[in-house]
Amino acid sequence: MRTNDIIFQTVTRVAVFLIVLYSLNLFFAGHYTPGGGFIAGLMTAAAIVLLLLAYDIKTVVKILPINYISMVGIGLLLAVGTSVSAILFGKPFLTHAYDYFQLPLLGKQTLHTAVAFDTGVYLVVVGVTLTIIQTIGESE
Amino acid sequence: MTVIIPSLVGFFVVTGVILTLVSAIGVVRLPDVYTRNHAASKSATLGVMCVLLGTFIHFYAVEGQFNSRVLLSIAFIFLTAPVAGHLISRAAYYSGVKLWKGSNHDDLKQKIEARQRSNE
Numbered sequence: 001m002r003t004n005d006i007i008f009q010t011v012t013r014v015a016v017f018l019i020v021l022y023s024l025n026l027f028f029a030g031h032y033t034p035g036g037g038f039i040a041g042l043m044t045a046a047a048i049v050l051l052l053l054a055y056d057i058k059t060v061v062k063i064l065p066i067n068y069i070s071m072v073g074i075g076l077l078l079a080v081g082t083s084v085s086a087i088l089f090g091k092p093f094l095t096h097a098y099d100y101f102q103l104p105l106l107g108k109q110t111l112h113t114a115v116a117f118d119t120g121v122y123l124v125v126v127g128v129t130l131t132i133i134q135t136i137g138e139s140e
Numbered sequence: 141m142t143v144i145i146p147s148l149v150g151f152f153v154v155t156g157v158i159l160t161l162v163s164a165i166g167v168v169r170l171p172d173v174y175t176r177n178h179a180a181s182k183s184a185t186l187g188v189m190c191v192l193l194g195t196f197i198h199f200y201a202v203e204g205q206f207n208s209r210v211l212l213s214i215a216f217i218f219l220t221a222p223v224a225g226h227l228i229s230r231a232a233y234y235s236g237v238k239l240w241k242g243s244n245h246d247d248l249k250q251k252i253e254a255r256q257r258s259n260e
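Residue numbers (the numbering used here), protein chains in the order written: chain A, 1 to 140; chain B, 141 to 260.
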């Protein structure tokens, strides 16, 4: 029997944006407050899982046409690339660097290479979680 | 000022805890799934929102820290907890959980029967 999911779907449309916003907050605040790439990746994956619950798997693939396996690859490449680039500057592997920059709109900010490493972690976590969930969801 | 803020915080936190306790008692005492779900989703939502509001006021007034995450979580709980209650009740109804024997009015049953008749 086909049921009517309009309440769930409407709330999902609002809640997904809140969850993604909060996960981005956790990601960028990870250096000074609790948070970071791992938990932000899990929360983004949770937002996409909420979409998967409210709509079916084909609709979500149409909304977000992302190949999650290559997302894992890009994340690993980013993390390894950040670590290896320290060797090119004559420093040990995984040495990070930071500096102060005068950014437009944001003013004086610190940019740290650990953010690039964290982006790698984020992409790997989102990719692995959604690969697992989609693979289990599709095999019927 | 030194009296108003702690008493406001205390009022919100104590009210929230009492409302959550009321909802827990309701879950234990009420007869069937739908009435229990009604107690759990309404009273606990308001209770948690009151506790969070007390927390927000405390950290804003005493520590001078505007914590927008707490405000966001109040909005988020207000948005999602009733929907969760609705989905649980609906899943229970469609999987055939009986209403309490004292209830005598079932609008959804007539709707479902009418829809099944129009589908045939």
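Rather than coming from a laboratory, the hints here were simulated on the basis of the structure. For glycine and all other residues, C-beta sits at the position ideal for the given N, C-alpha and C. Careful, some of the hints might be misleading.
Said to hold, decoys possible - Pairwise CB distance ranges, derived in the manner of DEER restraints:
hint	chain 1	residue 1	chain 2	residue 2	range
1	A	Leu53	B	Leu161	24 to 34 angstroms
2	A	Val80	B	Val162	46 to 56 angstroms
3	B	Gln256	A	Val80	20 to 30 angstroms
4	A	Val84	B	Ala164	14 to 24 angstroms
5	B	Arg209	A	Arg13	41 to 51 angstroms
6	B	Asn259	A	Leu53	19 to 29 angstroms
7	B	Leu212	A	Leu103	39 to 49 angstroms
8	A	Ile74	B	Ile158	47 to 57 angstroms
9	A	Leu94	B	Glu203	45 to 55 angstroms
Unchecked claim - Distance condition first, Cα-Cα at most 20 angstroms in a straight line; then the derived EDC-like pairs of lysine to aspartate or glutamate:
hint	chain 1	residue 1	chain 2	residue 2
10	B	Lys249	B	Asp172
11	B	Lys249	B	Glu260
12	B	Lys249	A	Asp99
13	B	Lys251	A	Asp5
14	B	Lys251	B	Glu203
15	A	Lys108	A	Asp5
Hints, verified against the model:
1. A:Leu53 / B:Leu161: 24 to 34 angstroms: 31 angstroms, holds
2. A:Val80 / B:Val162: 46 to 56 angstroms: 55 angstroms, holds
3. B:Gln256 / A:Val80: 20 to 30 angstroms: Since the Cβ atoms of B:Gln256 and A:Val80 sit about 59 angstroms apart, the hinted range of 20 to 30 angstroms is violated.
4. A:Val84 / B:Ala164: 14 to 24 angstroms: 55 angstroms, violated
5. B:Arg209 / A:Arg13: 41 to 51 angstroms: 22 angstroms, violated
6. B:Asn259 / A:Leu53: 19 to 29 angstroms: 26 angstroms, holds
7. B:Leu212 / A:Leu103: 39 to 49 angstroms: Hint violated: Cβ distance 26 angstroms, outside 39 to 49 angstroms.
8. A:Ile74 / B:Ile158: 47 to 57 angstroms: Since A:Ile74 and B:Ile158 have Cβ atoms about 51 angstroms apart, the given range 47 to 57 angstroms holds.
9. A:Leu94 / B:Glu203: 45 to 55 angstroms: 37 angstroms, violated
10. B:Lys249 / B:Asp172: 17 angstroms, holds
11. B:Lys249 / B:Glu260: Judged against 20 angstroms, a Cα distance of about 17 angstroms means the pair holds.
12. B:Lys249 / A:Asp99: 67 angstroms, violated
13. B:Lys251 / A:Asp5: Judged against 20 angstroms, a Cα distance of about 16 angstroms means the pair holds.
14. B:Lys251 / B:Glu203: With a Cα-Cα distance of about 54 angstroms, the restraint between B:Lys251 and B:Glu203 is violated, given a limit of 20 angstroms.
15. A:Lys108 / A:Asp5: 48 angstroms, violated
The structure fails to meet hints 3, 4, 5, 7, 9, 12, 14 and 15 from the earlier list, while all remaining hints are met.
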